[in-house]
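Let the hints inform the model, and build the full structure from the sequences given.
Numbering (my numbering), first residue to last: 101 to 391.
Hints listed in this document are in silico derivations from the structure and should not be mistaken for laboratory results.
Quick caveat: nothing in here was measured; it's all calculated off a predicted structure.
By construction, the Cβ of each residue, glycine as well, lies at the ideal position given by its N, Cα and C atoms.
The reader is advised that the hints may include incorrect statements.
Pairwise CB distance ranges (calculated) [as the list claims (entries may be wrong)]:
#  : residue 1 : residue 2 : range
1  : A260      : A185      : 38 to 46 Å
2  : R378      : V193      : 20 to 28 Å
3  : P289      : S167      : 41 to 49 Å
4  : R380      : G213      : 39 to 47 Å
5  : Y210      : V259      : 36 to 44 Å
6  : F371      : Q164      : 30 to 38 Å
7  : T291      : V168      : 37 to 45 Å
8  : F382      : Q164      : 23 to 31 Å
9  : R380      : V192      : 22 to 30 Å
10 : I367      : S167      : 37 to 45 Å
11 : A260      : V294      : 16 to 24 Å
12 : R182      : D139      : 39 to 47 Å
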Amino acid sequence: MATEEASGIGEDVPVTHIAAFVAVTLTVSGAVAAATIVDTVSGVTTIPIMITPALMAIVLRRVQGQSVRRTVVGSLRGTTLRSVAFAVSFPVVFIAVAAAVALTSGLGTYNPGGGEFSYVGPLFLFPVFLLFAGVLSYGEELGWRGYLLPELTDRVGPVAATVLVGVVWALYHFPALYFGAQATGLGDPVTTSVIQMGAVLAVAAFPFSYAYYISDGSVLPPVILHLTWNLLNPFVLGNVYTNVEGFIAGQVILISGEGLLGLVIGIPTLFVVALLIRQRRFFGTAVRSDG
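Structure, rendered in structure tokens:
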């Protein structure tokens with residue numbers, strides 16, 4: 101396989117390793133959220149949760165005999181122009197469409213000066229912030245798209261692998277959403293968590309996988325997609341974790357890209373991207389031709 105040296109795929113990975121990855125990431129997510137969320141969801145919660153998938157991927161690859169350097173450096177090789185263009189354009193277009201629908205439907209109103217951008221420091225330090233935020237996004241993506249997705253793709257094919265990763269990824273978000281909704285008054289914790297988990301599966305799982313598949317086995321495009329989404333969606337449409345409106349004001353769980361509106365718009369998007377994945381349209385070398 102073309103990406104075997106970079107990713108470690110193709111070596112015999114026991115199913116128990118995959119099960120351990122899932123079990124530990126879900127357990128850490130639940131334990132950290134339960135222990136740290138009091139009145140909002142802060143970095144005390146998100147940072148350890150976000151770096152756990154990468155740490156698990158590194159540990160499990162190390163158990164296989166793969167060095168940390170090979171795992172990290174190899175995961176960044178194979179980035180293509182097509183994959184980066186998709187990673188940037190998808191969240192921008194999706195959020196713009198959601199904002200337009202929110203405004204035209206009356207669910208949202210334009211709120212000049214509204215929205216909390218993730219960074220509020222001096223401009224010259226913004227690149228440092230971007231680097232830190234990118235490292236956190238990498239913390240997730242090395243695990244989800246750099247480890248779990250290719251291992252499952254090798255076994256069940258790209259569409260089924262994407263669904264399985266999406267389900268686990270949605271469950272991974274559940275604790276922070278549940279305890280966050282309790283703390284911030286976003287809405288009924290179970291209802292809001294289910295909506296957001298559905299949005300993770302409908303809006304994010306297939307595009308994130310596709311960004312990986314159309315590269316040559318690099319997690320950098322999913323990292324870019326993740327970072328772009330995390331910067332724009334809360335600023336424009338509101339933050340479902342903190343219940344803070346964006347500059348399109350409205351009930352956050354309704355209009356956010358990770359809320360009900362995102363779920364509704366995401367369903368047809370899911371089918372389009374799933375078809376592209378099924379047809380392996382524009383795929384790079386991240387997937388075996390017979391996989």
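Next item on the list: Would you pick out the hints that fail for this structure and give their numbers low to high?
Entry: 1
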